Amino acid sequence: MRAFIIRRFFTSLLALSVATMVIFGASRLLGDPRHNLLPQQGYGFNEVEWKKAGDKLHLNDPIPIQYAYWVYDVVRGDFGQDLIDRHRINKKIVPRLWPTAMLAGFSWLLATLIGIPLGILSAVKRNTIWDLMGRIVAMLGYSLPTFWVGILLILIFAVWLRWLPAATMGTGGGFPLRHIILPAITLGWVAMAGYVRLVRSSMLEIMDSEYIKLARAKGVSENVVIWKHGFRNAAIAPLTYGGLLLAGLITGSVAAETVFAWPGIARWAVEAIWTNNLPVLVATTLVFTVAYIVLNFLVDILYVFVNPRVRY
Amino acid sequence: MASFSFVISPHDPLDHNLRSRNIPPMFQEGGSSKHILGTDPIGRDLLSRLIHGSRISMTVALISLVVGTLVGASLGLIAGYFGGYIDEVITRIVDIWAGLPYILIAMIIVGAIGASLPTMVVLMALIAWSPFVRLVRGDVLVLKELEYISAAKIAGASNLRILSYHLLPGTINTIIVVATFSVGQMILVEAFLSFLGAGIPPPTPAWGSMIADGRQYMRQAWWVSVIPGIAIFLVTASLSLLGDWLRDYFDPKLRQRAWE
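Residue numbers (this note's numbering), protein chains in the order written: chain A, 1 to 312; chain B, 1 to 260.
Keep in mind that the hints were calculated from the coordinates and are not lab data. What you are looking at is a predicted structure, and each value in this text was computed from that prediction instead of being measured. Positions of the beta carbon are idealized from the N, C-alpha and C atoms, including for glycine. Be aware that one or more of the hints could be misleading.
Interface residues of chain A toward chain B, partial, derived using beta-carbon atoms under 7 Å [said to hold, decoys possible]: (1) Met102; (2) Thr128; (3) Leu155; (4) Ile156.
Covered stretches of chain A (in silico footprint by chain B; criterion: 3 or more residues with CB under 8 Å from a CB of chain B, positions within the stretch not fixed) [as the list claims (entries may be wrong)]: (5) 137-143; (6) 240-252; (7) 283-290.
Please model the entire structure based on the sequences and the hints provided.
Structure (structure tokens):
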């Protein structure tokens, strides 16, 4: 067990390093950062300023050295300046992290609370309305583009019916339930679809297995049979699915936050791309990647505890 | 069961006769017969744009899928067959690759290089290959234990021959199924990228950017955003159903008889 954890830790570390290199490389690809940082003078840049900035940013050193400097800065928490308003980025990250986490968490909760029971019902009551609903939900979740779902929901519930607010987190104190519902459905649908499918097929498989037949032959009531095994699957499913789910949530929140103008990290990243705001872009991508790797690591560890049959 | 594998494609094969009309007149109600699906904010006929856009989406999706399949399946075969160190390395790479937020990286790259058809294809091929590696490798791990492989080895067949002649046919089923599902995913990803502005540049219609165009006018002209989305959904859903059907067809005894 412990060996597994240690091995997993080092793999994660490796993944993290590679990811940072890719991100760094991509950011350097966007061109010389001095273009964005220095004020232009007439037909070009001031030579002296150019060189000074170059030295300060270590741009004259070979790439690996630049990478090292960058990593050093990042580890100390220095992400540089937001190009739009010249504020330090590290201060701006946390206030934006919270909305994203909240949305992702709530969406996941929604997906779990609706998806898993629906999957169980769909398996248990095959070829009934529940089964149909479950499969339709799953198919829709798989084929509808997330951002479009968001737009559609806004159209129906905010523009036509006027039941729910169309965007942002709102300014009221406390938990913004009315504001979070639509984005959460948008984001959570894909996850929900995944759960329904997964739980449904696991349940079907289990229910036809030998020990179920034995239980029924022994005279155990149907309900006990279903719920005992339903819950067991319900616990394993989110974990098995965990890594994929996280990746999906990250991509999904880019979509959901953009459509709903949700003030989170994902939207900040997209805006940074539109406005060529390189330091912000690098910082947000980094945050996402780190979060993904760390959470994945935790999920893997958890999974081994939950499912002792797994051996690595 | 999923025997109704209809492949609806708004793509009109007589496309060459239909020209996108970039006329600037005002937009009309979705009920006019001259513009069956209405027009977009600057007057272009929606149906034509939809059809032309489908060409783009399909082209990008298919080419990147083919590339992704070739690379992914080959890596999967190699990893599964040779095992050991090579397997470890390949699997690690795939895992790490899957951990990167590719949307953001794709956007960075598009920001740097500029969007164009080849760029998009390469980017999306990079996303497509991972599932292939994992699943093909899984198949190979099972297949290589079968006796006919050992027989071939004893008979002196070269590794290349074993891989291509014996193992590959065994994995073809999986490859086809994954490929079918992946085309749908590719279309969704391409739509997302063009929605965010990182896809093929403006005058060329792409479903994602059509949806983005319509956002401002949702109150007055909802159809501009909604209709391309329906198109995307129809294509992806039919591909997904096709994939399900194929999977069942290839192995009716499959553990995933969930879909019967």
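- Item | Earlier hints that do not hold, by number | 1, 2 and 4
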